[in-house]
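Student: Residue numbers (the working numbering), protein chains in the order written: chain Y, 1 to 419; chain F, 420 to 689.
Hints were generated in silico from the structure; no laboratory data involved.
Each residue gets a CB set at the ideal place from its N, CA and C atoms; glycine is no exception.
Possibly wrong hints are sitting among the right ones.
[Unchecked claim] Using 25 Å as the maximum straight-line C-alpha spacing, the simulated SDA-like pairs for lysine to any residue come out as follows:
#, chain 1, residue 1, chain 2, residue 2
1, Y, K233, Y, E396
2, Y, K187, F, I669
3, Y, K155, F, P462
[Stated by the list, open to error] Some chain F residues well away from chain Y (every beta-carbon gap over 10 Å; in silico):
#, residue
4, R424
5, P517
6, L538
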Amino acid sequence: MTGKAWALVCAGALVAGLAGCSSSDGGSSDGKVTLTYAYWDKENQGAAMEKIAREFTRTHPNIEVKLQFTPNKEYWTKLQTAAAGGTAPDVFWMNGPRIGLYASQGALLPLSDRIARDKVDMTKFPKSLVDLYTLDGKQYGIPKDFDTIGLWYNKKLFDAAKVDYPDENWTWDDVRAAAKKLTDPAKGVYGIGAMAWPQELYYNTIFQAGGYVVSDDKKKSGFDDPATIEGLKFWKDLLDQKLSPTVQQMTDNDPIEMFKSGRLAMWYDGSYDAPQYFRTEGLDADVAPLPAGPKGRATVIHGLANVIYAKTRHPQEAWEFVKFLAGEQANRIQAETGAVIPAYEGLQETWVKSMPKFNLKAFIDQLPYARPYPVSKNTAAWSRPELDAMTKAFTEGQDVEAVAREFAATMNAALAQEK
Amino acid sequence: MRSGRLWPVHLVLAVGAAAMVMPFFWQVLTALKSFTEATRMPPVWIPSFEWSNFAEVFEAGPFLRQFGNTVVMTAGRTLAQLLFCSLAAYAFARLRFPGRNVIFIALLSVLMVPGQLFLIPQYQIVQSLGWLNTLPGLIVPGMFSAFGTFMMRQFFMTLPAEVEEAARLDGANPLRIFWSVMLPLARPGLLALGVLTVLWSWNDLMWPLIVNTDPEQMPLSAGLSALQGEHMTDYPVLMAGSLMASAPIIVVFVIMQKQLIQGIAFTGSK
Numbered sequence: 001m002t003g004k005a006w007a008l009v010c011a012g013a014l015v016a017g018l019a020g021c022s023s024s025d026g027g028s029s030d031g032k033v034t035l036t037y038a039y040w041d042k043e044n045q046g047a048a049m050e051k052i053a054r055e056f057t058r059t060h061p062n063i064e065v066k067l068q069f070t071p072n073k074e075y076w077t078k079l080q081t082a083a084a085g086g087t088a089p090d091v092f093w094m095n096g097p098r099i100g101l102y103a104s105q106g107a108l109l110p111l112s113d114r115i116a117r118d119k120v121d122m123t124k125f126p127k128s129l130v131d132l133y134t135l136d137g138k139q140y141g142i143p144k145d146f147d148t149i150g151l152w153y154n155k156k157l158f159d160a161a162k163v164d165y166p167d168e169n170w171t172w173d174d175v176r177a178a179a180k181k182l183t184d185p186a187k188g189v190y191g192i193g194a195m196a197w198p199q200e201l202y203y204n205t206i207f208q209a210g211g212y213v214v215s216d217d218k219k220k221s222g223f224d225d226p227a228t229i230e231g232l233k234f235w236k237d238l239l240d241q242k243l244s245p246t247v248q249q250m251t252d253n254d255p256i257e258m259f260k261s262g263r264l265a266m267w268y269d270g271s272y273d274a275p276q277y278f279r280t281e282g283l284d285a286d287v288a289p290l291p292a293g294p295k296g297r298a299t300v301i302h303g304l305a306n307v308i309y310a311k312t313r314h315p316q317e318a319w320e321f322v323k324f325l326a327g328e329q330a331n332r333i334q335a336e337t338g339a340v341i342p343a344y345e346g347l348q349e350t351w352v353k354s355m356p357k358f359n360l361k362a363f364i365d366q367l368p369y370a371r372p373y374p375v376s377k378n379t380a381a382w383s384r385p386e387l388d389a390m391t392k393a394f395t396e397g398q399d400v401e402a403v404a405r406e407f408a409a410t411m412n413a414a415l416a417q418e419k
Numbered sequence: 420m421r422s423g424r425l426w427p428v429h430l431v432l433a434v435g436a437a438a439m440v441m442p443f444f445w446q447v448l449t450a451l452k453s454f455t456e457a458t459r460m461p462p463v464w465i466p467s468f469e470w471s472n473f474a475e476v477f478e479a480g481p482f483l484r485q486f487g488n489t490v491v492m493t494a495g496r497t498l499a500q501l502l503f504c505s506l507a508a509y510a511f512a513r514l515r516f517p518g519r520n521v522i523f524i525a526l527l528s529v530l531m532v533p534g535q536l537f538l539i540p541q542y543q544i545v546q547s548l549g550w551l552n553t554l555p556g557l558i559v560p561g562m563f564s565a566f567g568t569f570m571m572r573q574f575f576m577t578l579p580a581e582v583e584e585a586a587r588l589d590g591a592n593p594l595r596i597f598w599s600v601m602l603p604l605a606r607p608g609l610l611a612l613g614v615l616t617v618l619w620s621w622n623d624l625m626w627p628l629i630v631n632t633d634p635e636q637m638p639l640s641a642g643l644s645a646l647q648g649e650h651m652t653d654y655p656v657l658m659a660g661s662l663m664a665s666a667p668i669i670v671v672f673v674i675m676q677k678q679l680i681q682g683i684a685f686t687g688s689k
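The following block holds chain Y by itself, in its conformation from the complex (with noise of 0.2 Å):
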């Protein structure tokens, strides 16, 4: 199925919830209230998420949280499936490409009069990503969790090469240097992979070469910005100098499991891979803040939030479980886990000490210039038309200003039909 049609399915989704009747059962005539709580994550945060549930339901006796679990790859699918039916589970999993259309539909309930009145303190949360689950001046979601970028790098093959290991003060020219001396054809090593993935990657060194993805008004695409441009050509360069596998390599064999064997020397990867790298037998890794570029530092930042179905029958319940998930314990659960950082503030430092052997506060360090994932109204409309032309611009032979550019029309057409 085309993207197009796909968006045409999931916006007629969204409408056609708003007309459908009634929401999900789960009132009782004894008072009690059954609440579902979706997810996609189950092998990971499963077990954090049935404590939560567990323990609300201890200080809360009335209310009984069952959570509905869906693999990520059908989630969306089943939640606009079941919107379109009035049937969405009444607290769920969100995410910052989908919280535009979500909330701009309709299909979620505003917090803000909540938050107010109950006097929840969103300072706890970064604020990038309070801002993110913001839409006209509404707030739609509770941060969750967050995500930074780090610079993943094996220590091996630093060590053989006799280079020095990535600190914080390293920029663009010494992962350009430090590429060139790791790369080893012979071995089938490779410095680093500069594959086409725009949140572990592109987006980051397109902040720090000054560029931007969309603009703050959401109006105008940045593909076509020189600075953006820059932040692109940095892994164009890579790439041309044979410093990373081609894309159509990585695309066969999927970076994170060249850097698991030990055939990338450096990867960009987020802190959620984090327990993966930790549970591979040989790999002898660590992790470093991102190189700064020529406009300094910056990583993406991105993160799930909490959200409410608007056609819940028990908003005030859903809002109460909301409330507790927001709240310091629910947060310390997720952090023992060390699936996930903690939105919560002060409570990063529990999952930093979950994976001892790696440096994980170079993920906690970067908040500070850490930049909210791009989104507009409809990211889904333009989000993949660009994997799609990145992937293109990052393959040999092609010019990556050219197809930037013409990308940047596309997208400029997407985001002139948002409303």
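Use these hints to put chain F onto chain Y, whose structure you have.
Tutor: Quick look at chain F alone, frame taken from chain Y:
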């Protein structure tokens, strides 16, 4: 000598067969490894026989219950498709009625529409019937298919008209002809449709995930997907689970493969 001439062919086939079997072989190996063995580079060939992976599958969800759901769902869908698709197909192939070709083309056009477009209307119908989170919600929407009708029609078209005429001269009505004459002749086609439906139904993931949210009402395909994390997956346990889930279906295919290939070759589809 005969075998002497054939050995190059056999060699090519053996290489092909090895390539086909390799993923299954690797699945079995992975199911018996520990997590670190499964992710180690270079790959480990001799597993440490972690039978506990299989036990973990049973802890992750109501495996037997979901297995039962899958069997009921697959059996329900398959039997219904065999009946309804062949009935419709026979009408399209042999009966004459006004608008036959127009209706048939309309039916064929359904094949051109991507399945995702049906999701929402189908969900709303099932919801209105009060079938969310139930087995009928899984089974009923899969009881008929345009593809099955098309396939069976092509099959009926290849059967000689004389047999049917003889039956008609003997005074049999259309339903009788269908049941006693045509259907027995269409056995290879029915088998092929049956096997295809079993395979499709056994693996069906999207629809079960959308209609049923309660693990007790999910088929295996949906239940096993819980073993896959967003950023990390315990591959040995996932492989152990999918091994147990796919074993019966592999057995079905091995027993039926001759008929399956015959049936498909007959109708010239796919």
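Student: Now tell me if each hint is right for this structure.
Tutor: We went through each hint and held it up to the structure:
{"no.": "1", "hint": "Y:K233 to Y:E396", "result": "holds (13 Å)"}
{"no.": "2", "hint": "Y:K187 to F:I669", "result": "violated (40 Å)"}
{"no.": "3", "hint": "Y:K155 to F:P462", "result": "holds (21 Å)"}
{"no.": "4", "hint": "R424", "result": "holds (38 Å)"}
{"no.": "5", "hint": "P517", "result": "holds (35 Å)"}
{"no.": "6", "hint": "L538", "result": "violated (5 Å)"}
Of the numbered hints stated above, those contradicted by the structure are hints 2 and 6, listed in ascending order.
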